[in-house]
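Peer 1: What follows is each chain in one-letter form.
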Amino acid sequence: MDQELRELYQQVILDHNKTPRNFKKLEEANHFAEGFNPLCGDHIDIYVLVDENNMIKEVSFQGSGCAISKSSASLMTTIVKGKKIEEAEEIFDKFQKLVTGVEISEAEMEQLGKLAIFQGVKEFPARVKCASLAWHTLNAALKNEEQSITTE
Amino acid sequence: MRRATESKDIMETTLNIKKIREDFPILQTLVHNKPLVYFDNAATTHKPKAVIDKVAEYYLETNSNIHRGVHLLSQKATSEYEAAREKVLKFINAKKLSEIIFTKGTTDSINLVASSFGRAFIKEGDEILISYMEHHSNIVPWQILCETTGAKLKVIPINDDGELIMEEYEKLLSPRTKLVSIVHISNSLGTINPVKKIAEIAHEKDIPVLIDGAQGIQHSKVDVQDLDCDFYVFSGHKLYGPTGVGVLYGKQRLLEQMPPYQGGGDMISKVTFEKTKYNTLPYKFEAGTPNIVGVIGLGTAIDYMNGLDTENLFNYEHELSEYAHEKFRNSFPGLTIIGNAKEKTGIISFILEGIHPHDIGTILDFEGIAIRTGHHCTQPVMDRFGVPATARLSLGIYNTREEIDYAVNSIKKVYEVFG
Numbered sequence: 001m002d003q004e005l006r007e008l009y010q011q012v013i014l015d016h017n018k019t020p021r022n023f024k025k026l027e028e029a030n031h032f033a034e035g036f037n038p039l040c041g042d043h044i045d046i047y048v049l050v051d052e053n054n055m056i057k058e059v060s061f062q063g064s065g066c067a068i069s070k071s072s073a074s075l076m077t078t079i080v081k082g083k084k085i086e087e088a089e090e091i092f093d094k095f096q097k098l099v100t101g102v103e104i105s106e107a108e109m110e111q112l113g114k115l116a117i118f119q120g121v122k123e124f125p126a127r128v129k130c131a132s133l134a135w136h137t138l139n140a141a142l143k144n145e146e147q148s149i150t151t152e
Numbered sequence: 001m002r003r004a005t006e007s008k009d010i011m012e013t014t015l016n017i018k019k020i021r022e023d024f025p026i027l028q029t030l031v032h033n034k035p036l037v038y039f040d041n042a043a044t045t046h047k048p049k050a051v052i053d054k055v056a057e058y059y060l061e062t063n064s065n066i067h068r069g070v071h072l073l074s075q076k077a078t079s080e081y082e083a084a085r086e087k088v089l090k091f092i093n094a095k096k097l098s099e100i101i102f103t104k105g106t107t108d109s110i111n112l113v114a115s116s117f118g119r120a121f122i123k124e125g126d127e128i129l130i131s132y133m134e135h136h137s138n139i140v141p142w143q144i145l146c147e148t149t150g151a152k153l154k155v156i157p158i159n160d161d162g163e164l165i166m167e168e169y170e171k172l173l174s175p176r177t178k179l180v181s182i183v184h185i186s187n188s189l190g191t192i193n194p195v196k197k198i199a200e201i202a203h204e205k206d207i208p209v210l211i212d213g214a215q216g217i218q219h220s221k222v223d224v225q226d227l228d229c230d231f232y233v234f235s236g237h238k239l240y241g242p243t244g245v246g247v248l249y250g251k252q253r254l255l256e257q258m259p260p261y262q263g264g265g266d267m268i269s270k271v272t273f274e275k276t277k278y279n280t281l282p283y284k285f286e287a288g289t290p291n292i293v294g295v296i297g298l299g300t301a302i303d304y305m306n307g308l309d310t311e312n313l314f315n316y317e318h319e320l321s322e323y324a325h326e327k328f329r330n331s332f333p334g335l336t337i338i339g340n341a342k343e344k345t346g347i348i349s350f351i352l353e354g355i356h357p358h359d360i361g362t363i364l365d366f367e368g369i370a371i372r373t374g375h376h377c378t379q380p381v382m383d384r385f386g387v388p389a390t391a392r393l394s395l396g397i398y399n400t401r402e403e404i405d406y407a408v409n410s411i412k413k414v415y416e417v418f419g
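Order-wise, the sequence lines are chains F and P.
Going by my numbering, the residue at position 102 of the first sequence is 102; the numbering climbs one at a time, nothing skipped.
Going by my numbering, the residue at position 401 of the second sequence is 401; the numbering climbs one at a time, nothing skipped.
If we strip away everything but chain F, and leave its shape as in the complex, we get:
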């Protein structure tokens, strides 16, 4: 396989695509948002349970999308669970930099942890939206924006 392709479709990404984590409806959620990528028809629902200390206690997702968007959503849920809202927002900010090819420091990279596997996405401009759809939707859910969000 071509090197660039291999970096896009890393084993962890393929694994999360095949068996996504937290792939369910969260009945007790108190935050919710729906995200669309109208160009490709990707659709994601994000459910979040935030406690009184602004901590993300539970987070889950449902929907359909490509391997990049699905695995990104899956990994996101595992990363932000147990984090404060502000922390999750910070990670999103860095993740966005990572996938759009903005240079980030080593410290920032460290904060991204497992999410670093998405750095191959920056070589595929058409796929950046796939990687960031879940994050945009989580952001909307945390802000409890009523309307559905799109990546356009």
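Honestly, the hints are just simulated from the structure, not real lab data.
All values derive from a computational prediction rather than experimental measurement.
It is possible that some hints are incorrect.
What the hints assert, rightly or not - Calculated lysine-lysine pairs in the DSSO-like style (CA-CA distance at most 30 Å, straight line):
no., chain 1, residue 1, chain 2, residue 2
1, P, K90, F, K122
2, F, K114, F, K25
3, P, K123, P, K19
4, P, K413, F, K114
5, P, K90, F, K18
6, F, K25, F, K94
7, F, K122, P, K327
What the hints assert, rightly or not - Sample of chain F residues lacking proximity to chain P, with all beta carbon distances greater than 12 Å (derived):
no., residue
8, N17
9, M55
10, N144
Ideal placement from N, C-alpha and C gives every residue a C-beta, glycine not left out.
Here the structure of chain F is known, so what remains is to put chain P in place on it, guided by the hints.
Peer 2: Using the frame of chain F, we list chain P on its own:
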């Protein structure tokens, strides 16, 4: 024996296709270090060198604004522009030049009709009839018209093979139906609709018919008098011509009753602040400086098509389509083709079980293969078949059996990654 004769015929045709391929310089491009295999012809086709040269020649030697110019270059530009109108007329066998209007493309042509025909003929309670397999460009303009007038949009259902249900069509025609607007060939299913029959049925009730020929004009011989449609619309860029230019064919009787779409230069015969007298057809609908080079380039694309044996070419495309369908159907158990109409053109929309079309598209891209993935601007079709998206190959005159074999082989790589 029959097989041997068939393959000989195909070999002979392939020789011609080799020659055609040489006419399209872009086919020499390498994509990710592999020869380009272009299967995205329903989105746009490539341009033969003749068209590219014509566009360059126009800017190098002719460039001027058309109509009303007394200088030589303007006269030359005007005559080339109007010559293109004659080429379109002959290509679709229209009766009069006044019935050929140049637009920006199919979408623009439909919007022109929705706006202008709408203002002339559509009022509250009227109905416009489209089908389930329309491109968004043949849905949204009518929705906008319905919102402003209070008219209703009615939709002809399709069956599981992606064919129009003709009995339902007849049932949906009512005394309130003011226009039927139907796609000639579906861009996401490949279905060839019986547009002549559709027009005939509507005309029994005096209802005009618009045919969206965006995918029809390049894959079949279009004769608007034989089809007897009231409007036929298409784009230049899917007919091996430049982008940003298209055609609205309309019967003069209707076009005359329709008010202008846009106001401006060229569409008037006399302007005062009190009242403006509009120009005659077709200029009434061509406000402002048009896409002159686009129109002239489209004329050259039509010359190019005429220079080929189109009947033989359409047969070749049909054979190639059959071959591709057979190959795709029989190669992978997890592959499903969406759209299996009996009358079908070279559009293969497919899904692979458990693999999203986008991932297919990215992996094929690395093999040099250009396909389209997504909803193809036909979301209702995707909903109808319960899929969010498909991967789509769409064939053009320069595609070959070898390229199809290569694509089938490359799908194996998709399975290697996701298997």
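Peer 1: Confirm or reject each hint.
Peer 2: Going through the hints against the structure:
Our distance criterion of 30 Å between C-alpha atoms is broken by K90/P and K122/F, whose separation comes to about 49 Å. With a C-alpha separation of about 24 Å, the suggested pairing of K114/F with K25/F holds against the 30 Å cut-off. A C-alpha spacing of about 53 Å is found between K123/P and K19/P, which places the hinted pair above 30 Å, so the restraint is violated. Restraint check: the Cα-Cα separation between K413/P and K114/F comes to about 27 Å, which is no more than 30 Å; the hinted pair holds.
Of the pairs offered as hints, the one joining K90/P and K18/F is violated, with about 55 Å between alpha carbons and a cut-off of 30 Å exceeded. Our distance criterion of 30 Å between C-alpha atoms is met by K25/F and K94/F, whose separation comes to about 27 Å. A distance of roughly 35 Å separates the Cα atoms of K122/F and K327/P; the hinted pair therefore is violated under the 30 Å criterion. Against the 12 Å criterion, N17/F falls within the reach of chain P, whose nearest CB is about 8 Å from its own CB.
M55/F, annotated as away from the interface, keeps every beta carbon of chain P farther than 12 Å; the closest lies near 33 Å. Even its closest Cβ contact with chain P, about 26 Å, leaves N144/F beyond 12 Å, as expected for a residue assigned away from the interface.
This entry does not satisfy hints 1, 3, 5, 7, 8, going by the numbered hints stated previously.
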